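Trainee: Listed below are the residues making up each chain.
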Amino acid sequence: MKRHLISAADLTRDDAVLILDTAEELARVADRPIKKLPTLRGRTVVNLFFEDSTRTRISFEAAAKRLSADVINFSAKGSSVSKGESLKDTALTLEAMGADAVVIRHHDSGAPHRLATSGWIGGSVVNAGDGTHEHPTQALLDAFTMRRRLVGADTGLGRDLSGRRITIVGDVLHSRVARSNVHLLTTLGAEVTLVAPPTLVPVGVGAWPCEVSYDLDAVLGKSDAVMMLRVQRERMNAAFFPTEREYARRYGLDGDRMATMPEHAIVMHPGPMNRGMEITAEVADSARCTAVEQVANGVSIRMAVLYLLLSGAVPEEPAAGQTRTEESK
Amino acid sequence: MDAHTPPAEVIPPRPVLEAPDIARVLTRIAHEIVERAKGAENVVLLGIPTRGVHLARRLAAKLTEITGRDVPVGSLDITMYRDDLRLRPARALSRTEIPKDGIEGSVVILVDDVLFSGRTIRAALDALNDIGRPRAVRLAVLVDRGHRELPIRADYVGKNLPTSLRETVKVQLAEEDGRDSVLLGLGETSPAEG
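Order-wise, the sequence lines are chains A and B. Letter 82 of the first sequence, counting from 1, is numbered 82 in full-length UniProt numbering, and no numbers are missing. Letter 14 of the second sequence, counting from 1, is numbered 14 in full-length UniProt numbering, and no numbers are missing.
Incorrect hints may appear among the rest.
[What the hints assert, rightly or not] Heads up, simulated DSS-like pairs for lysine-lysine below, C-alpha to C-alpha not over 27 Å straight-line:
id, chain 1, residue 1, chain 2, residue 2
1, B, LYS159, B, LYS62
2, B, LYS100, A, LYS36
3, A, LYS35, A, LYS65
4, A, LYS36, A, LYS2
5, B, LYS100, A, LYS35
6, B, LYS170, B, LYS62
To be clear, the hints were calculated from the coordinates, so they are not data collected in a lab. These figures come from a predicted structure and were not determined experimentally.
Using the sequences provided together with the hints, build the complete structure.
Mentor: Following this line, the structure appears as C-alpha cells:
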C-alpha cells in the first residue's frame with residue numbers, strides 16, 4: 001500500500017484484495033457489543049469536506065471512531081474557506097494541528113493529489129471524492145459488496161472478481177464513482193461495461209479498460225451486477241438528454257428490466273437514489289438492491305483503509321500479506 | 001565444540017519435538033485442563049492465529065474424547081491490539097471467531113504455540129476485554145521459550161525450552177506446514193519485536 005489513497009488506479013490487485021480481506025474481518029466488529037478497536041488511539045483524522053456529503057463523511061467518521069482515532073470535521077461552509085482561504089493555508093493549519101490523516105472531498109478534480117504531493121502536510125491523504133475524477137473508497141466498498149454477494153463472505157477471502165461481468169449505467173461523464181470503479185474492478189479481474197446516452201460518455205473513454213454500450217436491454221441479461229449511477233441534476237447544466245422521462249425509459253431500471261437479469265445478479269446504487277429517475281421504487285426496495293448494504297460495507301472498507309494507511313510503519317515498499325512468524329512473538 | 005567460536009557453517013534447525021511428542025503433550029494438557037477445571041465444564045478454547053487456532057482445535061477434540069461433551073472452540077486475532085504496530089508495515093488481519101454462546105462467565109483458555117515475550121498474550125487479554133467478561137482466563141502453550149518482558153506465565157505448558165536470544169523456535173503443524181514438529185535453530189531474534 002502506498003501512503004495515500006488518491007486513485008483506485010494506484011491499487012494493485014494484491015493491495016485491493018488485502019483491503020477487501022481486512023474489511024471482511026473488520027465487518028465482524030460491528031456484530032460485537034463493543035464496536036471499537038484501540039488501534040488508532042491518539043491519532044487524528046481530519047475530515048476536510050469542501051463539498052456537501054452526508055453518507056461519505058459520516059461513514060469516514062464512524063470508521064475512524066471505531067478505530068479509536070480522534071476525528072475533526074471540517075466543512076467549507078462556515079469556515080475560513082468561505083472567507084477566501086486557499087487550500088494551501090487550510091492544509092498548513094491542519095498540519096499545525098497534527099493531523100495524521102486528511103480525508104478530503106473537493107469540488108475540483110486533483111485537489112487530493114495536490115494535497116498529497118505538495119509537501120504541505122505530513123500525514124496520509126485519502127480521497128473522498130474529487131470533482132469528476134475519482135472516489136476510490138466508494139469503488140472499494142462496491143467491490144466488497146460484489147465479492148460478498150457474488151463470491152461469498154468467507155469463500156471470497158483472498159479472491160478477486162475475475163470473470164464477473166459488471167454493468168455501470170448512467171451519467172458516466174460526471175461520475176467519479178464510475179471512473180474509480182472501472183479502474184478497480186478491472187484490476188480485480190472483472191469485465192466492465194458502461195451504458196449511457198452518448199452525451200454522457202466521456203471523451204477518451206476508448207482508452208479505458210472497458211466496453212461501452214448505448215443499449216441497456218442488450219447487456220442486462222449477461223450482467224452479474226448492475227450499478228445504477230445517480231443522475232446528477234446539479235451538473236445537468238447542458239442539455240445532455242431531452243427529458244427526464246425519456247432518460248428514465250431508456251436508461252432507468254424498472255421491475256420489467258430487472259426480471260431480464262440473471263437470477264443471482266444484484267442491483268447496486270451508490271446513493272443518494274433518485275427514485276423514479278434512474279431506478280424505480282420497486283427495484284430500489286427489492287431484495288436484489290444492495291444500496292443499504294453498501295452503506296454498511298462503507299464503514300468496514302473505510303476502517304480497513306484507515307487501518308492499513310495509518311497503523312503500520314511508513315512503508316518503504318509494499319509488504320502486504322505478511323504473516324506472523326514464531327520469531328516475532 | 002568450543003562455545004566461544006561462532007559456527008563455521010549454518011547449522012540446520014534441530015527438531016526438539018516430533019509429531020508423536022506433540023500428540024502426547026496435547027493429550028497431557030487436555031487431561032490437566034479436565035483435572036483443574038473439574039470436568040472442563042464452562043471451558044472455552046480460544047486459539048491465537050495462526051497455529052494457536054490449530055492447537056486449540058486439537059485440544060478441543062481431545063477434551064471431547066475425554067469428557068464426552070463438545071467443547072466450544074474459537075479464535076482470537078490480536079493484531080489490532082498489538083503494541084508494536086508502528087514498528088512494521090501494516091499487517092493483514094486474521095479471523096476472530098467467538099463460539100456462539102460467548103465467553104461470559106466461562107473459563108477461557110487461550111492457546112498459542114510459543115510463549116516468548118508475553119506481549120502477544122497481553123494483547124490477547126485486551127482483546128478479550130472487548131468481547132466479554134470470562135470467569136477466568138488461562139493460558140496453554142506448546143512451547144515456553146522464556147525471555148518474558150511482562151508478568152505473564154502459562155498455566156499449561158507443553159515443553160519448557162530454555163533458549164538464548166540467538167536461537168529461533170519454529171513450530172510446524174500439519175494443518176499449516178504439512179508436518180508436526182518444533183524446530184530449534186540459530187538466528188537473531190528479539191522478544192521486543194512481539
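Trainee: Run every hint past the structure and note whether it holds.
Mentor: Tested hints:
1. B:LYS159 <-> B:LYS62: holds, 18 Å
2. B:LYS100 <-> A:LYS36: holds, 20 Å
3. A:LYS35 <-> A:LYS65: Holds, at roughly 10 Å.
4. A:LYS36 <-> A:LYS2: At roughly 25 Å apart (the allowed maximum being 27 Å), LYS2 (chain A) and LYS36 (chain A) satisfy the hint.
5. B:LYS100 <-> A:LYS35: Holds, because 17 Å separates the two Cα atoms, which is no more than 27 Å.
6. B:LYS170 <-> B:LYS62: holds, 24 Å
Hint violations for this structure: none, all hints satisfied.
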